[in-house]
Amino acid sequence: MDRRIVYALKDADGNIFKLNDLTDTGIFVGSLTYTDESLSNDNRIAEKSSLPGSVKLGKTRTQARNISFAYNRVEGVDFADFIAAENELIYNFNKTEYVIDINNNRQVKVAPDTYALTYSEGAHKLSGEGSVSFIMLDPFWTSLDVTTYTLALSNGSNLIVINNEGYIKSQPILTFAASVPVSIVKAYINETKEGIRIDDDTFGTPGFGTMTVDCITGLVDINDVDRNSSIASHTGFFSIPVGENNLILEVNAACDVQVDFYKKEYV
Amino acid sequence: MAEVFSAPDGIELRLFSPTGELFAILSDSNLSGEILNVELSVLKFGGLDKFTFQLPRNNDLPISKNTEVYFYVNTELWYNGFVKEAPQPDQYEPILTIQGSGFYKRLEDKIVDIAYSNETLANIIDDIGLNYLGSDIGVFYEGLKIDVPSIPNITIEFKDNTLLQVFKRLLDVANNDYENAKYIFYVDTDKEINFELLSNDLVANYFEGFQYQAPEVSEDTSNLLNQILAYRTKAAAQNEVEFVNTYESVPSQSENGLYNKKIVFPDYLDTTTIANICNFLLRRYENPQKRVAIKDFELNNKLQFGEYLISNRRDAYWFVGAKMDTLDGWDTSAFINSTVELASDHLLTRKQILKFTVGAGSAGEFIEYTLPAPVTFAYIGRIFIYFSSSISPISIIFTDENGAEARLEFAVSYDDLLIYDGVSTDTLSLNDSFKIDDMTIGYSLSALLNEWIKFKDIIETSFTDIIQNLDVFNGTIFDSLDVDDGSGQDSLDVSGKVTLTEIVKTKILINTDEPAVFYIDRVDLLSNAYNSNSLQLEQINYNLRSSQLFADMHFGEREDNVLDELKQDSEAGDIALNIFAKR
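These protein sequence lines are chains R and G, in that order. The first sequence begins at 1 in the working numbering and counts up by one. The second sequence begins at 1001 in the working numbering and counts up by one.
Treat the hints loosely; a few may be bogus.
Result set (DSSO-like, lysine-lysine): computed pairs, CA atoms no more than 30 Å apart in a straight line [stated by the list, open to error]:
(1) Lys48(R) / Lys1454(G)
(2) Lys56(R) / Lys125(R)
(3) Lys95(R) / Lys1302(G)
(4) Lys1454(G) / Lys109(R)
Label-pair restraints from in silico Cβ distances [claimed, not checked]:
(5) Phe1550(G) / Asn94(R): 33 to 39 Å
(6) Asn94(R) / Ala1293(G): 29 to 35 Å
(7) Arg1313(G) / Asn103(R): 35 to 41 Å
(8) Asn94(R) / Lys1302(G): 25 to 31 Å
(9) Pro1062(G) / Asp199(R): 40 to 46 Å
(10) Asp1126(G) / Asn94(R): 33 to 39 Å
(11) Ser120(R) / Arg1545(G): 56 to 62 Å
(12) Lys1084(G) / Glu191(R): 57 to 63 Å
(13) Ala116(R) / Thr1097(G): 33 to 39 Å
(14) Ala1293(G) / Glu191(R): 31 to 37 Å
(15) Tyr119(R) / Ala1293(G): 35 to 41 Å
Because the hints were derived from the structure by calculation, they are not lab data. Please read all numbers here as calculations on a predicted model, not as lab measurements. Think of the CB as a built atom: it goes at the ideal place given N, C-alpha and C, for glycine as much as any other residue.
Chain R with its partners taken away, still in its complex shape (with noise of 0.2 Å):
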């Protein structure tokens, strides 16, 4: 069983660009090396004034790393088949959005860094040694396996333990349906306080029976259409901790809901 680990390229339409496969045969293809992990944290430091030592202030940030992978390119037939798949790398690394473990099935929003080469040969041009990097604009790995809960709510609070396998708080998406106007949903982590309140009359009539609350975009919309305004003031979009957690979901008419979210990995 080959466990090397497929990595790939995905722009903002969803279009794959495999940076390696387990044939590893022909130009277009090559020896691929993703070996470094590294993370560090933003903490701000202040010396103790009268002590010998310091103090942290503030809460520790992990902060956005990069992310490398460098290859080696098998000698081409010619100039023109060894370039072509060079330019077709790097026309893929350039609308990169997204950096993905196809055989763990996760991800990583990325944006593109750097692109370098170094030719084997100068005057031949037919093989080399190459690598692209990219900056994680979240310093984690984003499962795509969602984990969803869902439940029939009933008029008043509603309960849903969630459990959050990952290691960083994750953001949920809940979808709500509703047959009759729902005009208040409040949905809140018991464990963090952190929640939302939505006001909106047009919520379960018809033609706008689907609500959604992405904690991900930071977009509520009904039936797609923008309803961020309904959104109460000092409430908002919310985490899930690491962990059990409560989720109360309070409405004033029966409704169902699914909630939807990602895990995540530091490495």
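For chain R, the structure is supplied; the task is to place chain G on it using the hints.
Quick look at chain G alone, frame taken from chain R:
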């Protein structure tokens, strides 16, 4: 003007001669680099204020002063203006920067001398539009674009004023009921003036971390006003003034300190009208103005002026749970044997606090405050309390919109007491002995008399109070909460606590019949909330490229010259302030 055909995607500039001849179409969407860095500054008052764009120096375009520039974004005409400064060719820079202004600036070029007596606002605007706007100034009038409130009997004089000053003054008159009806004035892309009523609906609700990052937040106190000393000129002797009255906002003085102005009103204004004007000004300027600036906002469409909710980052914020410097908003009807009054001794914050006197028959009596806006997802309550005779047990009871309650119990024990000494706080527990001023007081609470005590605790209610639908607790997702009660059926473990979702009322309940006098300075609620600001968009600075459209947005009230104008106008005796007599 030559017909404008559809522009391609991206940014396109069309240049016209002052007589409307199209002589150039510039675009950066074809990567030719013909135009670079289009920047537009747009104001709520006037519309497009100024613009710049850049061209290679070796262009052969006959751009001159008054060349008209039309800015298209993705085929839509966003703004237009005119070149104010023609680029000089004899310079070394390879890039020429073209600068220009919006058409409203042309209103500065015409001076008028005109007076109206007992006219409606609409008629005044109509008369000025028909007689003073036109091709000579390059700004035009179309009656259908004038939407102003119906205000009769305006007497007003414009003496050597520019048309821009005239319309600014008339906009102020239109905005006399600014809290409820906000009007804007601008010159549109047809070069015609518009008076427009802004919708009271939110234009958008933006969240930090999502739609924008790292806002600049500030507070402007430069226009604060909470006391007006009103004077009036004497009809018989215009050089002499008489004192009319003092108008003030005590809560604002309490919160911000004293900000006063002396205003001299013309003799023909009666005292009621002056009172209306002063109260209007106090309402408008009694609070400092919050300003928020958002930079590099990515956009797809032209931004609209109006009301925005700007929700800055989620954090733990203290919200006012009950106002303790006023009796407004309090229901004191259940106080029979107890009294509550405003006091100014033992102040901790601001200028007034609530003083309670309780005694025989007080147990069970309460006062209740209705919050002007609910506090959402609050989970810690805090009070600052000062006992001057004996320690009294009281309850602070918070109620949500469904009637569920959570309590902050100030019992006579050490649990969760925090001593406020103005410098630091110490957490105490029941078994602690603790020191105040180097005096070990052991378990004697009497040592807490005559000093401010900060008392705070988690405010939560039980699951049984908040979870009304026990029948939904089934299936695997509730495993952690379900317990088998021996019946083979799952039942809910209700030992957990949850927060109240919306606190709408705060009650102070007396739990003793023992005589006592105490003061409460603050009742606050801690909530993990977004710091939401409801603000008017005042200025937009666009930075437009085909690859990206960005804008810097400035929120907050910027109409900061009303007071100055009022003073100037009052002294000149030509003010339209008699509109306030009708309010």
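Hint by hint, here is what the structure shows:
1. Of the pairs offered as hints, the one joining Lys48(R) and Lys1454(G) holds, with about 28 Å between alpha carbons and a cut-off of 30 Å not exceeded.
2. The suggested pairing of Lys56(R) with Lys125(R) is violated, with an alpha-carbon distance near 53 Å, which exceeds 30 Å.
3. Distance check on the hinted pair: Lys95(R) and Lys1302(G) sit about 26 Å apart at the alpha-carbon level, within 30 Å; holds.
4. Proximity of Lys1454(G) to Lys109(R) is assessed by CA-CA distance (about 46 Å); at most 30 Å being required, the pair is judged violated.
5. Distance hint check for Phe1550(G) and Asn94(R): the Cβ-Cβ separation is about 21 Å, which falls outside the suggested range of 33 to 39 Å.
6. Between Asn94(R) and Ala1293(G) the Cβ separation comes to about 32 Å, which falls inside the hinted range of 29 to 35 Å.
7. Our hint of 35 to 41 Å for Arg1313(G) and Asn103(R) holds, since their Cβ atoms are close to 37 Å apart.
8. Taking 25 to 31 Å as the suggested C-beta distance range, the pair Asn94(R) and Lys1302(G) conforms, at roughly 29 Å.
9. Distance hint check for Pro1062(G) and Asp199(R): the Cβ-Cβ separation is about 57 Å, which falls outside the suggested range of 40 to 46 Å.
10. A C-beta distance of roughly 58 Å is found between Asp1126(G) and Asn94(R), which places it outside the suggested range of 33 to 39 Å.
11. Checking the proposed 56 to 62 Å range against Ser120(R) and Arg1545(G) shows it is violated: the Cβ atoms sit about 40 Å from each other.
12. Range check, Lys1084(G) to Glu191(R): about 59 Å between beta-carbon atoms, so the 57 to 63 Å window is met.
13. For the pair Ala116(R) and Thr1097(G), the beta carbons lie near 37 Å from each other, so the given range of 33 to 39 Å is met.
14. A hinted range of 31 to 37 Å for the beta carbons of Ala1293(G) and Glu191(R) is consistent with their spacing of about 34 Å.
15. In this structure the hint that Tyr119(R) and Ala1293(G) lie 35 to 41 Å apart at CB is violated, the actual value being about 49 Å.
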